[in-house]
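Letter 566 of the sequence shown, counting from 1, is numbered 1280 in the numbering used here, and no numbers are missing.
It should be emphasised that the hints constitute simulated quantities derived from the structure, not laboratory data.
Even for Gly, the Cβ is constructed at its ideal location relative to N, Cα and C.
Treat each hint with caution, since some may be false.
30 Å max Cα-Cα, derived DSS-like pairs, lysine-lysine [what the hints assert, rightly or not]:
#1 K1243 with K1172
#2 K1015 with K1092
#3 K1172 with K1015
#4 K1234 with K1172
For each label pair, taking beta carbons as the anchor points, the in silico distance ranges come out as [unchecked claim]:
#5 A1287 with D1146: 34 to 40 Å
#6 V863 with Q980: 25 to 31 Å
#7 G1177 with Q980: 43 to 49 Å
#8 G1119 with S1198: 49 to 55 Å
#9 D929 with E1078: 43 to 49 Å
#10 Q1298 with A814: 42 to 48 Å
#11 A971 with S1275: 55 to 61 Å
#12 A852 with T1163: 50 to 56 Å
#13 D836 with T1157: 21 to 27 Å
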Amino acid sequence: MAIGLRAMLANSAALQVTGHNIANAGVQGYSRQSAILATNTGQFTGAGFFGKGSNVVDVRRAHDQFLTAQAHAAASLSSMDGMRSVQLQQLEDVFPPGTAGIGYAMGEFLNAAADLASVPADGSARQVYLARAADVAARFSSAAGRIEVLQDGVRSDLASSAETVNGLAQDIATLNDRIASVWSLGQRPNDLLDQRDELVHQLSQYLQVSTIEADDGTLGVFIAGGQRLVLGTEASKLSVGPDPADPSRAALSLVSAGETLPIDDQMVTGGSIAGLLRYQNHDLVDMRNQLGQMATVFAAKMNDQQAMGLDLGDPPGAGAALFGITAPTVVPNRNNARDGNGDLIATVNVDIADATLLQASDYELTNDPDNPGQFLLKRLTDGLTRSIVDGDTVDGFTVSVPPPGLQAGDRFLLQPVGHAATGMARVLDDPDGIAAAAPVTATMGDANTGTATVASLKVVSTGIDPNLSVAISFNDDTGNYDYSITDASGTVVDSGSGAWVAGQPIAFNGFELRLNGVPKTGDTISIAKTQFPATNNGNALQVAALRDERFVGRTMRQDGSIAEGATLTDAYANTMSDIGVRVQSAKTAAQISESAYTQATDAVTSKVGVNLDEEAAMLLQFQQSYQAAAKVLQVAQQVFDTMLQLGQ
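Whenever a hint applies, use it, and build me the whole structure from the sequences.
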């Protein structure tokens, strides 16, 4: 009878485990449990050994450490790629194609310049020109504002994610404490272990983690290349604050035992937080710089061209600036050296020298350890590092480092174009202030006998002095000429001779004169200040001609020559192409990593998940065993009853 009772108890326990599995089949993170039965030692009698049934010696959960770790890693990668893909799709909306785009607005502005050139004195044409200028500025500043909104969103998402991570870390530490208290009794708390694994899985969706199980059953959780997040029953806290190198961006740190340790974003390689950091530190920065580069070059070029013309003032003068933008920004690292009052010791200034040579990049300035008194300027887009001195001009901007200079360990983030578009605005409101007229006019002599005519008179320098007149007289039919330059009083200030070559300009005083045809001996050309600016369209034509000039992102070769850049519309098209490629690449990466995560999850489920068909079969097996043991008890009861009746 005792044998049957033991068998019933064992089968009852096995049935309970099977029922527990079935009840939790749909619970996320639950691992299948199995009752381990062992044969009890037989009882020796004169007739031999009699079996004493079976007993439950352990309840084990199905668990595969390798598959679980693989699933956690796949979850981290999938979350990172998915988060970056979602964020990039929002950034793509900042650079729309078609009529809503910045490229279209710049094209319409240049079209307005061509229209103005046809009727330079027309008031309505001048109003349209200013309206198109305002539209360009508004689109640039709006795009920059939307990027700032996206940056604010990143900071908010990082802060929210950090709170979730801290909650999960504390829950893991609490479970560690409960597991350790049971572990010492020699049994594993399967349900608590499942709960902890599920928390680690949720945590891995925010950060890539590595885990180490201790002898007491607690689990150590480490992030960012080995920094502890959970150790035993203690949990550190993830904190989000301003980046020491650039306070406009967010950075991570780990607070443990009252000490704050900064986390290098390069070490955060998985999870949605890694996706946010990569998006913030690379994608947003790159697009902000490309936008700022276009805004700076466009504004500088238009302002320079405006300064080369004559407006309709009384008296006419050089055109005032048409656009205003935010000046270059210099950001000192938070850890730079300070004096006794807490003020920074070193300062750095950046000024634009040639906007057409500006590159879409931030720069880092540090001391050159090998050359005292010199500095290392690192272009952050490609890592190109150059040694410079105070006052050097690199990539179109000049770096000034006033005394006492950089201190040991000082770092400065230079942003020549990063925030230019933020403050872009049209600053000219007076239609008469538009400098549509060229400051000088070329006139062919009435007695000329050659076929030479003025092809173009192009002002190429804001340093032109329109009060200087140039008289050119050709000496022979091969193009040799004499010239004289006189000031407003008629005094000759310069004279000399030269030779004209077909297709080549004749250059004086900040202008270039090109001819059609061929001059003859005795032909003359005079270049003097424009007398009637209202009817002159020379400068408006030069503005319209900027449509085809490749001046955005020019680069200086090692021999000092200048390599052409892109046109305004091509520069915007390149930016749209860049963000489009990033979006498509991110979508593809997200799809691949999601597929890998699904496969890893399926592998874990096949190993540790509850199979209802299998559990049903086990249920029937244990049920039949239970019924067999019950039959033994029933027979024994009948035997005892019969014996008692015979005894009466």
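The hints, checked one at a time:
no. : hint                         : in the structure
1   : K1243 with K1172             : 13 Å, holds
2   : K1015 with K1092             : 27 Å, holds
3   : K1172 with K1015             : 15 Å, holds
4   : K1234 with K1172             : 23 Å, holds
5   : A1287 with D1146: 34 to 40 Å : 35 Å, holds
6   : V863 with Q980: 25 to 31 Å   : 26 Å, holds
7   : G1177 with Q980: 43 to 49 Å  : 48 Å, holds
8   : G1119 with S1198: 49 to 55 Å : 50 Å, holds
9   : D929 with E1078: 43 to 49 Å  : 46 Å, holds
10  : Q1298 with A814: 42 to 48 Å  : 21 Å, violated
11  : A971 with S1275: 55 to 61 Å  : 59 Å, holds
12  : A852 with T1163: 50 to 56 Å  : 54 Å, holds
13  : D836 with T1157: 21 to 27 Å  : 25 Å, holds
Going down the numbered hints, you'll see the structure goes against just number 10.
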